[in-house]
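Residue numbers (our numbering), protein chains in the order written: chain A, 1 to 244; chain B, 1001 to 1235.
Calculated from the structure, these hints are not laboratory results.
No experiment lies behind these values; they were computed from the predicted model shown.
Just so you know, not all the hints are guaranteed correct.
Below are the DSBU-like pairs computed for lysine-lysine, each with C-alpha atoms no more than 30 Å apart in a straight line [what the hints assert, rightly or not]:
hint	chain 1	residue 1	chain 2	residue 2
1	B	Lys1125	B	Lys1106
2	A	Lys59	B	Lys1125
3	A	Lys13	B	Lys1052
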Amino acid sequence: MLNSITIFPGIDKDGAREPFERVILRPREIYAIVGNTGSGKSRFISDIEQIADSDTVTKRRVVVDGALDNGSIAFLGQSMRFVLDCTVEEFIRLHQRCYNGDERIAGCTARSVLEAANSIASERLYPGALLGSLSGGQSRALMIAGISVISNSRVVLIDEIENAGIDKSRALELLMSRDKLVMIVTHDPHTALIADKRIVIRNGAVKNVLDTTETERESYARLDAAYRLITNMQFKLRNGEELC
Amino acid sequence: MEQKVIIFCGAASAGKTGVISRLTNSIRQSGETAALCKIDCLKTGDASLYDKLGFPYTIALSEDVCPDHFLVSNLQELINWGAGLNARYLLIETAGLCHRCSPATKHTISVCVIDATASLSAPEKLGPMLLTADIVAITKIDLVSQAEREIIAYNIRQLNPGATVVCADCVSGYGIAILWREILVMPAYTADADDRLRHTMPAAVCSYCIGERRIGVKYQQGVVKKIFADGGGLC
Ligand SMILES: Nc1nc2c(ncn2[C@@H]2O[C@H](COP(=O)(O)OP(=O)(O)OP(=O)(O)O)[C@@H](O)[C@H]2O)c(=O)[nH]1
Ligand SMILES: Nc1ncnc2c1ncn2[C@@H]1O[C@H](COP(=O)(O)OP(=O)(O)OP(=O)(O)O)[C@@H](O)[C@H]1O
Ligand SMILES: [Mg+2]
Ligand SMILES: [Mg+2]
């Protein structure tokens, strides 16, 4: 059982100590990580994934209280490509083999991973396709399916889900569930307002941690309407239909 | 003085220099001393990289001799050279060409460096280099997905169940502290004990080509190329 993850301050890009005593992350909470391009958002969640021990550029220390399921933290990085030289199906089987003996995935088949991937990619993935030949969106979809169906960790770190050309809502549905600790790096207010808390990064440091307010929840409704409009138009755009 | 001798092997461009350069920071931060040696066949730009690391180093060129034979023919002298410099850690980077060889000996610490972005079959192609390693460092993990990293580590553990597998990203420095902690718990080099190769080398024309595994000039015959013209080894 995971109780919490605590982050102790490191240094910002100028070497100054980060302005907080500790940041405590708890299960069943969703955190959005926001900040300028290059501010250090990806580095922040990498520090958590790697359970940094003052051994990364930021000098942050991360302490896990309790046990992590199967010892790992699920991590969806910003990378949009696979590099392994095998087919999609071989890849899924190799990945499953790493979790052999884990009864939680005993019933999971290569087909179920592929189905999950196909439910978020707009263009189908085929089992015989070479991993390296997948498009950015298809690769992302397969990474998400693997995290959701195979690794199924209680801690999920997501680096920018929106720019992958995949179905964001469906992807988040697969990745998040209320019993998980979820951290999601985003530039998108709609995604950020799904979270309970926002961690703001500036110049390599955690600047502050904000709670999502009631007023913001109202903004979410407006953003959600806009999101639906945009995805609907996107669908038409991709299908070559008139945008109306 | 206790000395640890660490041999870094792995294919070309696997990240050996990257790992060594990061590790020298850990060594410095611990207030320890090191000497570095890069074995190569031909002159490369590596001198400028090693020059920045702030520890004494030597770039040893094997030229037309097999670089792994060359290393093992000079291992004792290198160890003496490091000891003469009062270096507690001797870090040796191999040329990483022939996958038939492993220059690891019983008393040295062998770190096999594997590029996470190389082929799935790359680890098994490394042969003795990987099979005899104490520690396997998977580099460039920043360039692969988590699932791929898990698959690569799993494959390596299947091939060499006894080795410690460390994932590293030499750009951010992640993993190097873990590697350093692993090295700290490894035994020091025991100079008086009979050190020997963990694996025989392929056939060629020196004593080691015909199966010699003992270290030291008195066991060496045939074409033996020496790094130090004066017979080497200050000590
Ligand atoms: N992204 C990334 N690049 C790396 C990493 N480690 C090494 N590199 C890059 O990979 C290339 C080769 O790394 P080296 O450390 O020189 O490899 P090597 O094994 O010493 O190579 P040789 O000595 O020439 O055989 C360089 O361009 C490095 O910057 C890493 O962890 N991540
Ligand atoms: N505290 C720090 N000290 C030094 N370097 C840092 C620090 N935090 C982050 N960096 C470095 O700054 C660079 C940019 O950081 P990062 O990739 O995390 O940005 P980002 O916020 O994710 O940007 P983007 O929105 O473009 O993805 C990286 O090289 C990272 O290692
Ligand atoms: Mg980023
Ligand atoms: Mg090198």
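Inset, instruction - For the pair supplied as a hint, Lys1125/B and Lys1106/B, confirm whether the alpha-carbon distance does not exceed 30 Å. - result: Since the Cα atoms of Lys1125/B and Lys1106/B sit roughly 22 Å apart, the hinted pair holds (cutoff 30 Å).
Inset, instruction - Compare the distance between the alpha carbons of Lys13/A and Lys1052/B with 30 Å, and conclude whether the hinted pair is satisfied. - result: Holds - the C-alpha atoms of Lys1052/B and Lys13/A are around 22 Å apart, at most 30 Å.
Legend entry - Holds or violated: Lys59/A to Lys1125/B, with C-alpha atoms at most 30 Å apart: Since the Cα atoms of Lys59/A and Lys1125/B sit roughly 37 Å apart, the hinted pair is violated (cutoff 30 Å).
The structure fails to meet hint 2 from the earlier list, while all remaining hints are met.
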